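With chain A held as given, fit chain B onto it using these hints.
2 protein chains.
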Amino acid sequence: MRIAIDGMGGDHSPNSVVQGCIMALKEFKDIEIIITGKEDTILKELSKCDYDKTKISVENAEEVISPNEHPVMAVRRKKNSTITTAVRLVKEGKADAVISAGSTGAFLTASLLILGRMKGIDRPALAPLMPGVNGNFIVVDSGANAECKPKNLLQFAVMGKNYFENVLEIENPRVGLINIGAEEEKGNELTKASYKLLSDSNVNFIGNVEPRDITSGDVQILVCDGFVGNTVLKMYEGVASNIFSIIKKEIMSNTISKLGGILLKPVFKNIKKKFDYKEHGGAPFLGVDGICIKAHGSSDALAIKNAIRQAKKFYDNDLINKMKHEVEYLDSDN
Amino acid sequence: MRIAIDGMGGDHSPNSVVQGCIMALKEFKDIEIIITGKEDTILKELSKCDYDKTKISVENAEEVISPNEHPVMAVRRKKNSTITTAVRLVKEGKADAVISAGSTGAFLTASLLILGRMKGIDRPALAPLMPGVNGNFIVVDSGANAECKPKNLLQFAVMGKNYFENVLEIENPRVGLINIGAEEEKGNELTKASYKLLSDSNVNFIGNVEPRDITSGDVQILVCDGFVGNTVLKMYEGVASNIFSIIKKEIMSNTISKLGGILLKPVFKNIKKKFDYKEHGGAPFLGVDGICIKAHGSSDALAIKNAIRQAKKFYDNDLINKMKHEVEYLDSDN
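Those sequence lines, one after another, are chains A and B.
Under numbering that gives the first Met the number 0, the first sequence has 224 at position 225, and the numbering climbs by one with no breaks.
Under numbering that gives the first Met the number 0, the second sequence has 285 at position 286, and the numbering climbs by one with no breaks.
No lab work stands behind these hints: they were computed from the structure.
One thing to keep in mind: the hints can contain errors.
If several chains are the same, the list does not tell them apart, and a pair holds so long as it fits within one copy or across any two.
Said to hold, decoys possible - Keeping only pairs whose Cα atoms sit at most 25 Å apart, straight-line, the calculated SDA-like set for lysine to any residue is:
id	residue 1	residue 2
1	191	69
2	247	217
3	54	308
4	191	134
5	118	65
6	195	72
7	247	61
8	312	289
Just so you know, these numbers come straight off a predicted model, no measurement behind them.
Next comes chain A alone, as it looks inside the complex (with noise of 0.2 Å):
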């Protein structure tokens, strides 16, 4: 397997994409990497590292977008940029997957114009693995796409069922309508809808789930509008690290609070990890006609190489043509 990867993309390039791409080499033997950034910065970072040459090579992009440009504009300006020349690898059969720790709009705009939708999917969403209490979950769409109607959430559900199925290997994965109330009748127009959708199709859809229940993690595909599911998504970032910072604060206010926490430091060592998202590997494009991983912005190398893994999962199980096969019977259906 072939996979290009954005040089820049991401708080900690290049050292930490060179970093994990070294570590995903040692774990996987069957793939090859092609690194894009401008070729004389990315080939100094390698050559620091001891790999085999056969695997890793550079393609040279001389402009680097940031997470603070326009996508749209970006994209269309920047046509030699490291996202946009990453996945033109993929469009020309030279990669078979593309990961970037860059802008995610641009990453998305990138995705979208060169590698196009699957057939049948109107709207592709972003779909990152979030940790719940009981077991880890996603939000799709989590802000692709700030207006939905029914039809792009059920596709939703249907590529979501597809991804756990096949990349985190959970049979008949629940999956829940976020929505302000537990009963059919309840929330917006969108939610009444998309609830008699839901219910009509093949899969394992438990009805309404509400905010509060979310991060339990009892519900595997919680489906919404991006708008929505960003929403959650930083909701869930914000509450989570406003509670640690608060609890670290009060902890150091006096010097028996202060032995309780060195106490129970690997405690909330342990708590934080798994309440931090970025642990959780990348977040794939669902419905990009092609394998598109979307590492956090604040990826270490270890990110790198799990997003990495994420994508030779998409690969070894064929996931694109397996959620093509599925959305072009939903097309017909609806």
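Chain B in isolation, oriented as in the chain A frame:
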């Protein structure tokens, strides 16, 4: 001031309600309370207490609406419920404010049907006070209206400003629009149009607030539709509660961490209290033509007393008339 209170609302009624009323009588000299409920039940509770008998009376109401009943159906069918009877006392001029810890939907429905909306307000909203790291904040609407228009969000902002200035005594509170990006052009149709309206208004609008920043409490009034607001509210509750239950579980896992847990007990108690939004009094229905305070379903006597304090602040500051004046002006403008 005369306050009508639903004697059978909430998980711990009628005891919590009666005890809360008696606590309030001790603290506030100038109030009289009318408790609705089966006369013998309420009088029996009251008979256990020592209080000024001229200050509390009972209005007989035979029926109780449970939180599981369909709000509109229940209010229409149970005309003699404790909730509707309490609201009716305000309409009839026998009370100046109404409080219930019962079904939010039924209380809101009864308030709208019996007291009506303020002129200029299309959609009254729910606005519970929530604890943030650097101060309290409200999310308007927190769940009364699943679908909203831009002008509703502007009305929420103006009512929220009046609430903060008069009840919480914070001058020129900061108003933010909950959105999935910081830039003006981010979000869905509702947020894009609302951004413009809010920018042109006379509230202290500071722009978009991403959900990860809501619980910092740096912005006092956060406006959004009731679907998003309810999602924020329930995510806050769910994530906080899950983190604390995981911490508890991890602490119990070995002797050292158990000891650490004992040393940190006061710290956790403080923080849990800070993050428990039930501690922070009732939620007003902003935009109803009358003082309606919804106390949390799990209210204890202290929470009921705090809801009474809030009703009193509304009354003492003539807040309903002040709001009416400001929103009438809005109406003629938009």
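Taking the hints in turn, this is what the structure says about them:
1. 191 <-> 69: between (34 Å within a copy, 16 Å between copies)
2. 247 <-> 217: between (29 Å within a copy, 20 Å between copies)
3. 54 <-> 308: So residue 54 and residue 308 pass the 25 Å test inside one copy only (16 Å; across, 71 Å).
4. 191 <-> 134: neither (27 Å within a copy, 36 Å between copies)
5. 118 <-> 65: neither (31 Å within a copy, 48 Å between copies)
6. 195 <-> 72: between (38 Å within a copy, 23 Å between copies)
7. 247 <-> 61: neither (43 Å within a copy, 51 Å between copies)
8. 312 <-> 289: within (13 Å within a copy, 60 Å between copies)
Going through the hint list in order, the structure does not satisfy hints 4, 5 and 7.
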